Amino acid sequence: MTASESNPPVKLPNEPWITPAIVAEHGLSPEEYQRVLAIMGRDPTMVELGIFSAMWSEHCSYKSSKVWLKKLPTTAPWVICGPGENAGVIDIGDGQAAIFKMESHNHPSFIEPYQGAATGVGGIMRDVFTMGARPIANVNALRFGDPAHPKTRHLVEGVVAGIAGYGNCMGVPTVAGETNFHRAYNGNILVNAMTVGVVPADRIFYSAAAGLGNAVVYVGSKTGRDGIHGATMSSTEFNEDSESKRPTVQVGDPFVEKLVLEACLELMATDAIVAIQDMGAAGLTSSSFEMADKGELGVEIELDKVPMREPGMNPYELMLSESQERMLMVLKPGREEMARKVFEKWELDFAIIGRLTDTRRMVLRWHGDVVASIPIPPVVTQAPVYERPWRETPLPAPLAADAVPPPADYRTALLKMTGSPDLSSKEWIWRQYDHLIMGNTAIRPGGDAAVIRVPDGGGKALAITSDCTPRYCAAHPETGGRQAVAEAWRNLTATGALPLACTDNMNFGNPQKPEVMGQFAGCIVGMAAACAALDFPIVSGNVSLYNETEGRAILPTPVIGGVGLRPDVNGCVDIGLREAGLTLLLVGDTAGHLGQSIFLRDIHGREEGPPPPVDLAVERRAGDFVRGQIRAGRIAACHDLSDGGLLVALAEMAMSGGVGGSIAIPADTGCAAHAFLFGEDQARYLLATNAPEAVTAAARSAGVPVRPLGQSGGDTLTVEGLLTISVADLRRTHAAWMPNYMAGKA
Amino acid sequence: MKSAVVVFPGTNRENDIARALELSSGHKPAMVWHGDSNLPKVDLIVVPGGFSYGDYLRCGAMAAHSPIMREVKARAEAGTPVLAVCNGFQIVAELGLVPGTLMRNAHLKFVCADVHLRVETGQSLFTSGYRAGQVIKVPVAHAEGNYFTDDDTLKRIEDGGQIAFRYSDADGDVSRGNPNGSRAAIAGVFNETKTVLGMMPHPENAIEARFGGTDGKGLFDGLVAALG
Numbered sequence: 001m002t003a004s005e006s007n008p009p010v011k012l013p014n015e016p017w018i019t020p021a022i023v024a025e026h027g028l029s030p031e032e033y034q035r036v037l038a039i040m041g042r043d044p045t046m047v048e049l050g051i052f053s054a055m056w057s058e059h060c061s062y063k064s065s066k067v068w069l070k071k072l073p074t075t076a077p078w079v080i081c082g083p084g085e086n087a088g089v090i091d092i093g094d095g096q097a098a099i100f101k102m103e104s105h106n107h108p109s110f111i112e113p114y115q116g117a118a119t120g121v122g123g124i125m126r127d128v129f130t131m132g133a134r135p136i137a138n139v140n141a142l143r144f145g146d147p148a149h150p151k152t153r154h155l156v157e158g159v160v161a162g163i164a165g166y167g168n169c170m171g172v173p174t175v176a177g178e179t180n181f182h183r184a185y186n187g188n189i190l191v192n193a194m195t196v197g198v199v200p201a202d203r204i205f206y207s208a209a210a211g212l213g214n215a216v217v218y219v220g221s222k223t224g225r226d227g228i229h230g231a232t233m234s235s236t237e238f239n240e241d242s243e244s245k246r247p248t249v250q251v252g253d254p255f256v257e258k259l260v261l262e263a264c265l266e267l268m269a270t271d272a273i274v275a276i277q278d279m280g281a282a283g284l285t286s287s288s289f290e291m292a293d294k295g296e297l298g299v300e301i302e303l304d305k306v307p308m309r310e311p312g313m314n315p316y317e318l319m320l321s322e323s324q325e326r327m328l329m330v331l332k333p334g335r336e337e338m339a340r341k342v343f344e345k346w347e348l349d350f351a352i353i354g355r356l357t358d359t360r361r362m363v364l365r366w367h368g369d370v371v372a373s374i375p376i377p378p379v380v381t382q383a384p385v386y387e388r389p390w391r392e393t394p395l396p397a398p399l400a401a402d403a404v405p406p407p408a409d410y411r412t413a414l415l416k417m418t419g420s421p422d423l424s425s426k427e428w429i430w431r432q433y434d435h436l437i438m439g440n441t442a443i444r445p446g447g448d449a450a451v452i453r454v455p456d457g458g459g460k461a462l463a464i465t466s467d468c469t470p471r472y473c474a475a476h477p478e479t480g481g482r483q484a485v486a487e488a489w490r491n492l493t494a495t496g497a498l499p500l501a502c503t504d505n506m507n508f509g510n511p512q513k514p515e516v517m518g519q520f521a522g523c524i525v526g527m528a529a530a531c532a533a534l535d536f537p538i539v540s541g542n543v544s545l546y547n548e549t550e551g552r553a554i555l556p557t558p559v560i561g562g563v564g565l566r567p568d569v570n571g572c573v574d575i576g577l578r579e580a581g582l583t584l585l586l587v588g589d590t591a592g593h594l595g596q597s598i599f600l601r602d603i604h605g606r607e608e609g610p611p612p613p614v615d616l617a618v619e620r621r622a623g624d625f626v627r628g629q630i631r632a633g634r635i636a637a638c639h640d641l642s643d644g645g646l647l648v649a650l651a652e653m654a655m656s657g658g659v660g661g662s663i664a665i666p667a668d669t670g671c672a673a674h675a676f677l678f679g680e681d682q683a684r685y686l687l688a689t690n691a692p693e694a695v696t697a698a699a700r701s702a703g704v705p706v707r708p709l710g711q712s713g714g715d716t717l718t719v720e721g722l723l724t725i726s727v728a729d730l731r732r733t734h735a736a737w738m739p740n741y742m743a744g745k746a
Numbered sequence: 001m002k003s004a005v006v007v008f009p010g011t012n013r014e015n016d017i018a019r020a021l022e023l024s025s026g027h028k029p030a031m032v033w034h035g036d037s038n039l040p041k042v043d044l045i046v047v048p049g050g051f052s053y054g055d056y057l058r059c060g061a062m063a064a065h066s067p068i069m070r071e072v073k074a075r076a077e078a079g080t081p082v083l084a085v086c087n088g089f090q091i092v093a094e095l096g097l098v099p100g101t102l103m104r105n106a107h108l109k110f111v112c113a114d115v116h117l118r119v120e121t122g123q124s125l126f127t128s129g130y131r132a133g134q135v136i137k138v139p140v141a142h143a144e145g146n147y148f149t150d151d152d153t154l155k156r157i158e159d160g161g162q163i164a165f166r167y168s169d170a171d172g173d174v175s176r177g178n179p180n181g182s183r184a185a186i187a188g189v190f191n192e193t194k195t196v197l198g199m200m201p202h203p204e205n206a207i208e209a210r211f212g213g214t215d216g217k218g219l220f221d222g223l224v225a226a227l228g
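Heads up: the protein sequence lines correspond to chains A and B, in order. Under this note's numbering, the residues of the first sequence are numbered 1 to 746, in order. Under this note's numbering, the residues of the second sequence are numbered 1 to 228, in order.
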């Protein structure tokens, strides 16, 4: 059956007439509504208006970011599938592929932290297993407001519990992440979740529908009224009324998702599935639209066949609900009953709700009547795309050499930094995450990157990290964008892994403000340069804009989730100093850059200056050298230098492994002692080795600067002439802040 | 040693324990779906960890009433050894196969961490690979592992040698290192005949040097030595 405008939709009982106010409530501008009218050739019904509203929301259409995202490198010989599918896919050898993506759930997590964070984790896992991969690791990047803000503690508590509640029940280890606190997130926290999965490279599933007449099948949970207009909500700023939007936050059920996961993987082992797509943002609307559009087909759906959680639901609600744990599939003819049996075994709903057509229209029926009929191609091709005006953030003037005094006392300064909200141990968080299930966690949370053995992978492993330094991005977006990519690449390298690709989660303020759009543009330009120079393409990602409250934007936060490959899991190294007598070697040049450093911020209370420059050629050379030395078996421990600089890195290595060390500042550093110890110059690593001559000789031939600083050993950390501190004291302070804070004592 | 692992909707550590069984015995266990009515004849039945039925109602409560657990109970009462870990412990405790109950952790949060266990007896099928007093390091991962039982039962199981493992510090001091508030630091208990072991920690996640150490492997090696 085909539908055309000779068969216009009926008006439902109680359906209101569309007014400018109703259009505005749907987040569509008057100009955008004119486009709707042009495409439809008539006034839309409410269902149709709701569909346009969802499809053209910032969240689904990327209308403000698209022109910039195109600048990112997305290809490499090992990239199987870049952005545009549910997640990115890379070749990891031996006939296996890794599938991964990071996605934000910022607005829902602020309104309802437990469910917001939980459903963020559930959503990103669905994106990965939709493509056929079993998730093997979860990661999360969290940004909260000032610890002193009255809401922060409650948000931390709820977000962490939500992530734990969902991931633990799914049986997927949560192995890495980052947590920062800054007042810029007081009214708009960031919850970015990433999942990595593994699949045989010839069993990847895509979303493009195919096969005229094939069944469109709905599986998973029933559809309820939760999350209606979630995509539209996440595309607007917050204000004091946002609390009233709590009903738009979805409610997750990880038990059902675990069943959906197992049922999907069981069915994927057969030949029944033509295409599959999870119902994420904008639910049934975006999933059916995207599948039909990619397959250049039409779709006709009988909405009354959709499994419903409650009576009295109408087509508008069914199309826009963001109820969780639902999938849409196209099945091969004749496989419907076999598929039904699989889902019934797992006690899940299974309903044939529609068929593919050749009309290239989306036709929705409700008890036989047509209630919507939308031509699919123009909704995609004529979607609004904006070249928003933008203003560049100028590079701040460098700080004068004597502008930052040394600390009054080095020991006190080090303890303050390592015991600060940002740098203190986050064990309080990751103890609540099952990070050991599956038995493949070789390097646990708390270091540079987690390392996870690949199931059935012949002993190979994936290194996984997430990174961003928002204060650098705020000071100079392009440098910050470069640095975020470089740090992710460095963290993977520091385990001995070869960085392969990354996913980006772009968290920014209101793109209609030129300075915010300039931050976005600058970060993209910096990221693109770094991805190209480091052979580290972006294969998937997510954009979260309008992260503002009462007109104040968050720090620009382009989080990079990186994945690297290590052929032999046994050769990986972590940051821990575990034996005495190792030589401590500093790789890379130290200029003593204190602009935007943790030292300047936490010891002197100043957020000033330019971020450290990122020379990508130097970065590449240093990283390739370090990875080679780890693979040559010469390195006992390795740590990249980032927040807090050299001394914090050394302290972290000692705390992690339990063995101290002693270093002396070389006479010819050319910078002050505190700049040498706390400067955040990039492209640097601290190595512990029992083969210093061989490493130094290799560095010389690679053109990489290396300096011996001292030796590991003992139960104290010493910088000659400046400080001695016991590792036990360091550990105590490092461990204390987070539990004390959460108990209301800090 | 032939073994079977019972799998419920929401079970999620079945593959971890299957790998441990295979590593020690050389045989893959049979994975038995809860809806299957026939449990194969085996030397060992395993009830693994996870969130059976989503842990809704109460941890282990729904699974305990499933048809397959009636069969497991009958086999256990006839003498077939049963190893029940984490959610499995909660299930067999619900069924009354082992004494006591598991409550919400004292600190109310999920805890995933390595813990030390003091082996209380080497005199059992499950602990013959260890000596009494030996301290081993294995992880826990649970939110409801706070073992409780009344005074009379506690005395009876202590007198009867039914305590398999207690939480301790690295030196075997059981007054320290309790991760969940368990009474008498109890981490694992036997039934009266020591043919059923319920334990919260995960020995199956401590079987390889590079992945958390090998202290849990002794349990599986001991079972293979005892059951062939």
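I should point out that these hints are in silico values taken from the structure, not numbers from a laboratory. There could be a bad hint or two in this list.
Unchecked claim - Computed footprint of chain B on chain A; a stretch qualifies when at least three of its residues, placed anywhere within it, have a C-beta under 8 Å from a C-beta of chain B:
# : region
1 : 263–274
2 : 491–503
Unchecked claim - To give an idea of the chain B side of the interface with chain A (calculated C-beta under 10 Å), a few residues:
#  : residue
3  : 10
4  : 12
5  : 49
6  : 51
7  : 106
8  : 111
9  : 148
10 : 151
11 : 155
12 : 192
13 : 195
14 : 204
Quick caveat, the model's predicted, so the values are computed rather than measured. Think of the CB as a built atom: it goes at the ideal place given N, C-alpha and C, for glycine as much as any other residue.
Violated hints, by number in ascending order, as checked against the structure: Result: hints 1, 2, 7, 9, 10, 11, 12, 13 break, sorted rising.
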